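**Student:** Each chain is listed here by its residues.
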Amino acid sequence: MSVSKLGKFAVIGLSAAWLAGCSTTGSESDASSMASEGSTAGSTDSTYAAGEDGSLNSVMVDDRTAAQKAADLLAGVATVFYFDFDKSIVRPEAREALAKHAQFLMENPDARIVLEGHADERGTREYNMALGERRAKAIMRYLTIQGVAASQIEAVSFGEEVPVAFGHDDSSWQLNRRVEVRYE
Amino acid sequence: MKKNIVFALFLACLTLALPARAQLVIEITSGSDQLLPIAIVPFGYTGNSPLPEDVAGIVESDLKRSGVFEAIPRANMLSLPSSSENVFYRDWRLLKADYVLVGSVANNGNGTYRISYELLNVLTQARVGNREALDVAPSNFRDAAHFISDKIYEQLTGIRGAFSTRILYVTAEGSKTSPTYKLQVADADGFRPQVIVSSKEPILSPSWSHDGRQIAYVMFRNRRPSIFIQELATGKQQQLTQFRGLNGAPAWSPDGKKLALVLSKDNNPEIYTLDIATRRLERMTNHYSIDTEPSWEPDGKGIIFTSDRGGNPQIYRLDVRTKNVERVTFEGELNTRARLTPDGRYLVTVQKNNGNYHVALQDMNTGRVQVLTETYLDESPSIAPNGSMVMYATSDRGKGILSVVSVDGLVKYRLPSAEGDVREPAWSPYFK
Chain A
1 MSVSKLGKFA VIGLSAAWLA GCSTTGSESD ASSMASEGST AGSTDSTYAA
51 GEDGSLNSVM VDDRTAAQKA ADLLAGVATV FYFDFDKSIV RPEAREALAK
101 HAQFLMENPD ARIVLEGHAD ERGTREYNMA LGERRAKAIM RYLTIQGVAA
151 SQIEAVSFGE EVPVAFGHDD SSWQLNRRVE VRYE
Chain B
1 MKKNIVFALF LACLTLALPA RAQLVIEITS GSDQLLPIAI VPFGYTGNSP
51 LPEDVAGIVE SDLKRSGVFE AIPRANMLSL PSSSENVFYR DWRLLKADYV
101 LVGSVANNGN GTYRISYELL NVLTQARVGN REALDVAPSN FRDAAHFISD
151 KIYEQLTGIR GAFSTRILYV TAEGSKTSPT YKLQVADADG FRPQVIVSSK
201 EPILSPSWSH DGRQIAYVMF RNRRPSIFIQ ELATGKQQQL TQFRGLNGAP
251 AWSPDGKKLA LVLSKDNNPE IYTLDIATRR LERMTNHYSI DTEPSWEPDG
301 KGIIFTSDRG GNPQIYRLDV RTKNVERVTF EGELNTRARL TPDGRYLVTV
351 QKNNGNYHVA LQDMNTGRVQ VLTETYLDES PSIAPNGSMV MYATSDRGKG
401 ILSVVSVDGL VKYRLPSAEG DVREPAWSPY FK
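Chains as they are written, first to last, in full-length UniProt numbering: chain A, 1 to 184; chain B, 1 to 432.
For the record, the hints were derived by calculation from the structure and aren't laboratory data.
Heads up, a few of these hints could be off.
Stated by the list, open to error - Below, simulated DSS-like cross-link-like pairs (lysine-lysine); rule was C-alpha separation at most 27 angstroms, straight line:
(1) A:87 <-> B:176
(2) B:352 <-> A:87
(3) B:432 <-> B:236
(4) A:87 <-> B:265
(5) B:96 <-> B:352
(6) B:64 <-> B:412
What the hints assert, rightly or not - Here chain B is said to cover these stretches of chain A; the calculated rule only asks that three of the stretch's residues, wherever they fall, bring their Cβ under 8 angstroms from a Cβ of chain B:
(7) 95-102
(8) 118-130
All of these numbers come straight from a predicted model, not from anything done at the bench.
Cβ coordinates follow ideal geometry from the N, Cα and C atoms, glycine included.
Same shape as in the complex, but just chain A (with noise of 0.2 angstroms):
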């Protein structure tokens, strides 16, 4: 692990008792604020280190999102997949790239990513809102397929309301007809 990477974890020193005094003493204002560090943490992947007895002394906290975890460990995996004219079908050269996002989402329960759809410009708006939301959808099946689970992901379509090329010609309209893993 890089030095850099050492710096995004946080190591608290934490004890049962500790934990247990919160709770009984903690005012109103504290155990909601409890509330929310514990859905903060339960969001993030925790390192248990254990004592030889095998009892909880100290506890390694990965403070990262699982957005920033997912832009770590997924650097230089496509998050972006292209499709063909009118259809919605997962080409062959995608599979490389969501077979990692899987892995990585199977290994992250707690990581959840939106499939944002788009179409080109040619054809009507709501039919291409459709339309992107078919090829976001194709992506997460492929994705549950390979055991994600399905609440792990949101099918999002912006139709071609957001080009990301703007030329009006094969090239471009290629380059819009897509569906983008963003992780929230």
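With chain A's structure known, arrange chain B on it following the hints.
**Tutor:** Showing chain B alone in chain A's frame:
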């Protein structure tokens, strides 16, 4: 006989919103060769202070755009009468005018002006209808002009004019990678645009309620689409839906009580109706294909929509009571986003042929199909409430513009905007 007409208050209320800089400019690209020649004489005015608008000029451009009239150029006029008493019919026969509109403007001294006008038949040398007068505030001069255009159009064609109607449209302005989306309302001639909603996230699918007082549209928030309705006079906005997945294509029922819309909350895009008062949602279609772009029949008994259940997208009709579905379009590689004319006689679609997307018109009685447009990437056709014209969005040199074509395909004009990409026109109903 003189008649004073107070203009609808709520039209004035619409001016609450901020005026936008860019106005649409009319360019007539082609016209029919059987036009009715009319001379619209500049209205007489003897006051000192300049008038806010050239009323006769607005009437002239309205009538020219209708594709029914040919206006005698002002430069050719031999005299400029402002009432029937001063009209020498010989002057107008020489210019081959069938009709002459004369009028005058007088300052009432109380902040309003009286606009009087008469329509004259050159052949019979008689007035068509009465001498009329309108008392209007300076800010309502354009309304008065459109009102006069409506009257003349109806007197001479028997069809109600749609010059006093308005249009909704969406613009995307600023940088292409981070545009500002604006939902705007303007007069049907593109003048007096006002921004209704502005957002950094996409806005699409604006539609009017049948009384013209409310609108519905789709707007993204936090990267997800929602359906909103909004009262134009007050600006009061309500978020109606925020389901997971699609929230799209809102269309008001003719009785104003329901919206047809598209949701994919139950997996794939389906048509639903939402009772606005009770918020009761009813699923209308049930098919694994895409069902979208609903639009009501004028009597509210059916909903036409786009579905690719047959392979390619085509138009289908849904019976609202039985939920039976039947296919409506058969010509063209695909047909999408259909709208019916107010009399239900014609269906307007976006049709794809040989890779090109054009606006097509299908006669619902005979099944005959005519492609109306030949511009590039045509979409979002919207029909004027008198059924005479179709406004649609198209692409010109990489920029979205609005264009208009008559339902007979003979008259075409465009409304290029000075700024941004203009799309998704929605023509209002009559306001009263």
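**Student:** Can you name, in rising order, the numbers of the hints this structure does not satisfy?
**Tutor:** 5 and 7
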